[in-house]
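Colleague: Each chain is listed here by its residues.
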Amino acid sequence: MVKAKILLSGNEAIAQGALQAGCNFYAGYPITPQNEIIAYMAKCMPACRTGREQSKGVFIQAESELAAINMVYGACAAGARSMTSSSSPGISLMQEGISYIAGSQLPAVIVNIMRGGPGLGNIAPAQSDYFQATRGGGHGDYHLIVLAPSCVQEAYDLTKISFELADKYRIPIMILGDGILGQMMEPVHLSKKKNKVNTFKNWALTGCKGRKPNIVKSFFLREGALEEFNLKLQANYEQIRKKEARYEGIFLSDAKVILVAYGTMARIAKGAVIQLRNQGKKIGLIRPITLWPFPQVPFSIKNKKVKFLVVEMSYGQMLEDVKLAVCCRQKVDFLGRSGGGVPSEEEIINKVNKILLQ
Amino acid sequence: MEKTFFRPESLYDVPTHYCPGCGHGTAHRLVAQVVDELGIREKTVGIAPVGCAVVAYDYWNFDCSEAPHGRALAVATAIKRVHPQNIVFTYQGDGDLAAIGTNETIHAANRGENLSVIFINNTVYGMTGGQMAPTTLLGQKTSTSIEGRVKEKHGYPLKISEMLAILPGVAYVERVSLHSPQEVLKAKRAIKQAFENQINNLGFSLVEVLSPCPTYWGQSPKESLDWIRDVMQKEFPLGRIK
Ligand SMILES: Cc1ncc(C[n+]2csc(CCOP(=O)(O)OP(=O)(O)O)c2C)c(N)n1
Ligand code: SF4
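Protein chains in written order, with the numbering used here: chain V, 1448 to 1805; chain B, 92 to 333.
Source of the hints: derived by calculation from the structure; they are not laboratory data.
A hint or two may mislead.
Unchecked claim - Straight-line alpha carbon distances no greater than 25 Å define the calculated SDA-like cross-link-like pairs of lysine to any residue that follow:
| hint | chain 1 | residue 1 | chain 2 | residue 2 |
| --- | --- | --- | --- | --- |
| 1 | V | K1659 | B | V105 |
| 2 | V | K1659 | B | I131 |
| 3 | V | K1717 | V | P1745 |
| 4 | V | K1664 | B | F97 |
| 5 | V | K1648 | B | V105 |
| 6 | B | K232 | B | M218 |
| 7 | V | K1503 | B | D104 |
| 8 | V | K1656 | B | M218 |
| 9 | V | K1664 | B | L258 |
| 10 | V | K1664 | B | K232 |
| 11 | V | K1656 | B | I191 |
| 12 | V | K1751 | V | G1786 |
| 13 | V | K1615 | V | E1670 |
| 14 | V | K1656 | B | F97 |
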């Protein structure tokens, strides 16, 4: 049987992936370039109720990103599969709430379709929220699992997976894309299989019938209690580091120069790699799919002559993770633009050729 | 002899951390009594604030959540929408509900969320050391209005209850006080009303509770009750607003 594909934008694919993952709560506030997500969720979650009757899915257009993320916090606390989406300035506003979600060990999915910054910036694609996404962003010692799709199919697939990861580790997940990924349309194969939804969450707030009251909180006043709790979080992060790092590696075995890029940028880099390979040049590509945990394995290359070139739509943010992963064994070069500038295949090829001459 | 006063099941038998004469303890008990009387303990979800009542869940014997400062009504909105059969309420101070959370307050009310709100108005930020709140009275001294609140500098006390009453989504607003046993009984009736409204799907209900903060009013517990009766009530008149 031929598997049918349908044409979706990246934003729509994320929304569709969420619905198929059993997402039954969405709250968001409009911001370009991710407005298709909120519109899609509104359309497909018609059970937009005001808390008077049982509904299968709840959609709320919040009054702000602050409200949206805290609605997600409440919905997660109540045991729902919850998601919000926004773009850079909106994600900045959500940071306090994300920190609370991490601190309360709640599973949530947060989509950031990045645009240019700082400040109001512009609505052009960018990758300049990498630090914010991978370093915590809000206050406190916490992490999100950060997933970076590079095509529409993957946007759909990773969104579906993200709900599973969120539940498994009770951790907020960020889907990190950019305006190009959000807006571009590609055929997507939708799987018929819906995710198995774990409806039993013994910590959720549902009323304490037949059990002791549940408390959802991140407040630890007793001396030593917060440190104890933070160590528990760290142990969870350690498990995630060990088990959940994902990447794609292309032509790595004989590569002399390895490009490192994620998301939309990785597609452009892949184009450059293929062109260079066609010219007989030994170039490879590492595409981290999880930005946190950052994949360490593909960087454990012993050959000191191999060189790395990090390409970003930002000014050297992922570069730091690559340098840490490479541990000074090899030389790491950088090419980056931002604020709507996107390094082109030609720019990448020119840079690689310069590196090959060195 | 019949026992007429006892600890509600919804209130744990533990000492609270509140200052002597603080209104939070009384207000906690009223909520617990009402939850017991309505027989809803096993379906209630309370949202504790950021403020002196931050650990209200250490005292209440039912499901509870925390919320970031000002965001309790966003959290409550979601919990109620996910579980409409639960009875969901927020418990918030004036710094929480009327300053940092004004936006969430107005919009949850305007959406007509079927929630109950217990709004503790003690005219100051207690937890952080007695700074000026939106509800601080003109002339009232706080650590950030040392000479007393001056309208030219600080604006006027904010009357959240009156503001919310004009919204069509709001079912019920009443202002009550804890300054005398009679008023405490009226406060309990109002809190019960707010919960009954939710049980009957009537929409957004808010009870504003004038509550003493002897510590940051610089008064004895007795003086602070008199101050509510003689001064605070003039700015914030008691009774049903909607
Ligand atoms: C985002 C944020 N800003 C500031 C604070 C500090 N803070 C904690 S409680 C509080 C004031 C609470 O006052 P109120 O709501 O009136 O309650 P009360 O303590 O008087 O009972 C403030 C400003 C915080 N926790 N979070
Ligand atoms: S500071 Fe005021 S509000 Fe806080 S516990 Fe003490 S008396 Fe109560």
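Colleague: Taking each numbered hint in turn, which are not upheld by the structure, reported in ascending numerical order?
Modeller: Violated hints (numbers, rising): 4, 5, 7, 8, 9, 10, 11, 12, 13; every other hint is consistent with the structure.
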